[in-house]
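Engineer: Each chain is listed here by its residues.
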Amino acid sequence: MKTYIPHKFEVNINDKCIKCLVCVKQCSFSALSFDEDDATIYPDNNKCVACHRCTTLCPTKSINIVKNPIVYHPNEYWKANVIEDIYKQAETGGILLSGTGNDKDYPVYFDRILLDASQVTNPSIDPLREPMELRTYLGKKSDRLQFKENKKSTTTIKTKSEPQVKLETPIMFAAMSLGAISYNAHQALARTAEEHGTLYNTGEGGLHKSLYKYGKNTIVQVASGRYGVHHEYLNAGSVVEIKIGQGAKPGIGGHLPGEKINAEISQTRMIPEGTDALSPAPHHDIYSIEDLAQLVYAIKEATFYKKLVSVKIAAVHNVAAIASGIARAGADIVTIDGFRGGTGAAPTVIRDNVGIPIEMAIAAVDDRLRKESIRNNVSLVASGGIRNSVDVVKAIALGADAVYIGTSALISIGCTMCQKCYTGKCAWGIATTNPQLAKRLNPEIAYKRLSNLLRAWSLEIKEILGAMGLNAIESLKSNRLRLRGVGLSAEELKILGIKQAGG
Amino acid sequence: MLKPPYAEKDISGCAVVGIMNISGNNFGSEKIVNAIKCMRDRSNGLGGGFAAYGIYPEHKDLYAFHMMYLDTNRRYDAEDFLKKKFNIAASERIPTAKVNSISESPVLWRYFLSVENKPPLMSEEDFVVQTVIYINANIDGAFVASSGKNMGVFKGVGYPEDIARFYKLQDYEAYIWLSHGRFPTNTVGWWGGAHPFNILDWSVVHNGELSSYGTNARYLEMYGYKCELMTDTEVVAYTMDLLMRRHKLPLNLVAKVIAAPLWKEIDNLEPKERRILTRLRQTYSSLLLNGPFSFIIANQDQMIGITDRIRLRPLIYASNKDMFYISTEEAAIRTIESDLKNIKIPRGGEPVVAQLLTSDIRHQTSSSREGATN
Ligand code: SF4
Ligand code: SF4
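Residue numbers (the working numbering), protein chains in the order written: chain A, 4 to 506; chain B, 34 to 407.
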């Protein structure tokens, strides 16, 4: 059927082109072809996704991508994307899919929050000269410590200890499964987590044999499909995460198409090669909070009460009440994934319309857990759309203990947010299992780039803390007095628990 | 004005001084007044005050409530409330003198109380703490300035030496005196906001600003404290109440909570100590008092001085026989005592302790005392 959708991008090649054909070979979306007869490269603009692979690698910088300037008759209601979605569905009869996160124009609360700094009455601290501590421990904290004095007047702690996991920087890598992203990407995440004393997350895809050695820095995920879950796997990491939901697609399961299930993926997921990996929308053994509690404790039994259990949920409307239930169900960590969270594939209507902003969710959950005096029972991890070090700082000041980053991590290794992850054709070798494409991601370079990103953000967080007159990240947690809002309604300020700037 | 003028965090700089006779012998107010007067340039007349321990020997087993009221009607309201919870053994207007620089003062009254109607499972002390928190938060125009036994807080808007004359402190004798001169950054003084801040037997005079106030306050709120006054001092007092009275941590460990050693230092300790300090910091990370501070805190048995862990505010410690002094400036101590045996500047986060000799909890804190005086 002929498509009515105009092309989004135009590929232009200028006369400095030396016909090296790098761009043609690199374009995994087949948008470029070379005609030997007239020695010309012909772009198929319809196929271009603006992934920048060609422009980045072109040796003469002679290829460029611009937006198609075509206009529709101006209409503030029937906008281009609305019209085109209808065309698309009329042409395919299917559910629209997207990769990455919600890209719609909802308010970004992070950008309406400003940070405080010290002036006169409390000195700021220079992080280059003074120690600045980012260490964070995840896990239940006792409400109090009891000591006993022994005979030789030495002190010991009477209170039972709970397992704790140390993060040297409060930034972890969010769940992205092997299969959704390539092995090289996984390995780079694991190595970086190890180097920076933090954690990466396997996602629901099992753990590749060669990555068991990063166990201390690994969160192993148990999701509704239970792919790749076995005893050794559960005990391989420091944290086991039960994934209930994902910010990009709350209430929706997962689907890794059979084409992506090659020999390697089939092994780690423990399913036959070439079969679709379908993760059900709910866990079919969790239809209630008490079912969740049973799974939490089943995992604790299987891991000898040595591992932390995290429960990850999407930020939905009554997230505070749900989080409170999770804290009472025995979890050590509650992870909240906001509506900007990314995905390899989600129905676009879900991605763009379900859930709430992570800023609101964290503030509401932290408030609720404190009101119920159970904030010590769990660590709180904020996830979904953390773009830079300042977002990290704001999330922690709103009440989180630590954050996950997914999209930012992928961007650091080349992702250009083309949103085509679900096609398996990722030109950057990230969201693909096609060996020809996957090998484009050099694991060494990916590791260096990720590592640089964590280093840079950690340095910036120290800089911000110093300006605030703080020298430990724990003094920022839920310290909403150091935040002010601009351009927010009274109700928004109230939920965020922050004051209007100037007040 | 009794309560905060603005709904914002109270910011102020200050002078603090504490004097203790560790034999428990009472002495007059002259020394403390002269010491605080010496640091007059550190305050600006918008807040001054004193805490005195040992002043009510005749009622030493009763809770002495020092109350401030906006007017007499509020007094009746508060007294109705007190009568429901306590038996009032004695009450009277707190004697004051006319002082020119102090024009407006609240109605000041004191009560000697025994607990009468407490819930069966609650400790008497918890009950008193909750009552004080309730009054300060909910009874309009009434404020509890102090609630300990055999002690009292005398504070208000003015220079400390004027406050001393106003309250006729020359008529009192105590074995521990604390004093504070305040320099708030805003221009309005309020009587409740002056130091010392007191809850039960704990009194705090504080110089500094907690950049971690929000974190600390939100943690304390989970334990039933309401940080209504938006002052750092209140947070310090509640922190001490929680850690020392309710959680019964020894003082040396309390110091390691509020001025926690760096992780780098903890990691390098012997395994046993490392385990204790690691868990202590993990558990109480939200009670790390972060930002510049030095404070002196006292209860019946001891007077403790401590600064933040990187020592952003001054504190000095000295002793002579059984007299112990802690002050913001050395000059304040030298003014009142010429023959000083040892003068020490404690390291950041290292508590200095003056301990009542007859106290039975002395052994618990002796190690930190040595640490400080060596
Ligand atoms: S990569 Fe650049 S130089 Fe090479 S063929 Fe493409 S446009 Fe021409
Ligand atoms: S991971 Fe690859 S396919 Fe997905 S948005 Fe990024 S560049 Fe595009």
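Rather than coming from a laboratory, the hints here were simulated on the basis of the structure.
Keep in mind the model is a prediction, meaning the values are calculated, not measured.
All C-beta atoms in this analysis are idealised placements derived from N, C-alpha and C, irrespective of residue type, glycine included.
Misleading hints may appear alongside valid ones.
[To be verified] Simulated pairs of lysine-lysine, DSS-like, Cα-Cα distance not exceeding 30 Å: (1) B:K297 with A:K309; (2) A:K163 with B:K201; (3) A:K5 with A:K428; (4) B:K281 with A:K155; (5) A:K502 with B:K117; (6) A:K309 with B:K281; (7) A:K151 with B:K117.
[Said to hold, decoys possible] One-sided excerpt, in silico: chain B residues whose CB lies under 8 Å from chain A: (8) Q163; (9) Y246; (10) S318.
Engineer: If a hint holds in the structure, say so; if it doesn't, say that too.
Structural biologist: Hints, verified against the model:
no. : hint               : in the structure
1   : B:K297 with A:K309 : 25 Å, holds
2   : A:K163 with B:K201 : 52 Å, violated
3   : A:K5 with A:K428   : 23 Å, holds
4   : B:K281 with A:K155 : 20 Å, holds
5   : A:K502 with B:K117 : 38 Å, violated
6   : A:K309 with B:K281 : 29 Å, holds
7   : A:K151 with B:K117 : 39 Å, violated
8   : Q163               : 15 Å, violated
9   : Y246               : 6 Å, holds
10  : S318               : 4 Å, holds
Violated hints, listed in ascending order, are 2, 5, 7, 8; each of the other numbered hints is respected by the structure.
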